[in-house]
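Every letter in the sequence shown is one number past the one before it in this note's numbering, and letter 247, counting from 1, is 247.
Certain hints may be false.
As the list claims (entries may be wrong) - Taking lysine-lysine and the PhoX-like style, the derived pairs with C-alpha atoms no more than 25 Å apart in a straight line are:
| no. | residue 1 | residue 2 |
| --- | --- | --- |
| 1 | 109 | 262 |
| 2 | 33 | 109 |
| 3 | 299 | 321 |
| 4 | 299 | 262 |
These are calculated hints, taken from the structure and not from any lab test.
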Amino acid sequence: MLRRDFLRQSALFGAALSTGCTSDNATPTAPGKGQPLIDAHCHLFNASDLPTTRFLRQVVFENYPEQSFHVMGVWDPDAIDVAIELALRLLGTNTAPDADQEIRVLTNKVHPERTAANREQARQAAIEDMAGFLLEIDRRSRNRGPATMGTAGEHDAAPPESGETKFLDFVIGGKPGTARASAVAPLTMNEARAASARAFVDLGMFSRYLEWFSLFRLYRHVLVDQLVADARRQGFEPVMLTPLLVDYDEWLFEDVRTPLAKQMEVMDYISRRSGDRPAVHGYIGFDPLREVAFRANIKGTVSSLVTARRALTEHGFVGVKLYPPWASVHPATTNPIRSALKKGLASDPTSSSTRLSIFHRPGPRMTAARSHDYNTAPTA
């Protein structure tokens with residue numbers, strides 16, 4: 001398996017903690033018997049660190065669409081776009097706390113937002129957002145239906161072939177391909193809330209994905225505490241975490257609310273917290289494409305190498321990770337790189353083929369084991 005393929009598949013089938021799917025008093029499945037634990041490969045980012053739209057569409061769902069939705073429990077291809085739309089809504093990309101907001105909380109300048117500081121509050125907010133989404137797609141599907149006049153009016157059922165209708169049937173009816181009994185009447189808010197709450201519990205793997213999506217709304221330091229608590233509940237004693245920061249936005253042509261330098265700053269503040277906690281020393285991301293674009297005066301105002309050096313010398317980081325993880329790089333002379341960059345940065349931003357060709361060569365075949373973390377998709 002090529003390394004880039006391993007990354008994409010691990011986003012779907014990696015060894016997951018099944019976060020949000022166990023209670024605080026759950027019986028540990030693999031007791032650690034008090035053994036010290038160093039988690040050398042954990043991810044503790046939230047939605048503001050990630051170019052979520054294109055990451056989901058281009059890395060996860062575009063490359064493995066059939067496996068992705070079969071794992072989630074969404075079997076009908078007509079409902080796929082609706083499921084992606086829901087995923088983006090639940091991730092809370094526009095509402096997840098960015099680095100500056102979290103730093104103000106960590107320095108006691110503002111009170112934390114409840115929905116970002118508490119796992120259950122984040123879950124309840126996600127349930128409410130999903131209820132609103134169900135109402136929205138119900139209305140949308142009816143508006144898309146054939147125009148009718150007379151007594152039926154807005155109560156005409158949505159067209160049965162629409163993806164929205166099939167998705168609603170799946171969520172509300174509970175089984176793929178099963179029409180809901182009340183499809184003729186518009187969905188009410190009470191019905192949407194009840195269906196959303198059930199979906200977080202009673203729809204198998206789909207429910208586990210909903211729980212996972214809701215975690216991306218939390219502060220990063222809350223994710224640290226959750227990971228530590230889960231490890232201790234399994235009988236381990238964490239002594240150090242080394243979270244890997246993410247740097248996908250240059251390769252996916254989608255800006256993020258918390259760029260890498262800001263991720264570095266907030267992780268520094270997290271590592272300084274006192275109390276009964278393990279040491280936290282991360283790995284900074286390094287993107288060669290971003291560095292070459294900076295040196296060629298094409299894009300950017302900060303050197304990626306300078307950021308990496310600051311992370312190691314000023315902010316307590318212990319290493320550097322190459323981004324993107326699915327492509328390897330090799331040296332080249334300045335002119336070919338500059339030419340390739342200009343061609344790549346001017347190409348269609350929705351296609352990754354030109355950008356990958358700038359530095360890409362096939363990576364070695366490999367196998368790997370991922371640690372438990374909060375940013376790996378649930379598995380069965």
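Comparing the hints with the structure gives:
no. : hint      : in the structure
1   : 109 x 262 : 18 Å, holds
2   : 33 x 109  : 40 Å, violated
3   : 299 x 321 : 21 Å, holds
4   : 299 x 262 : 18 Å, holds
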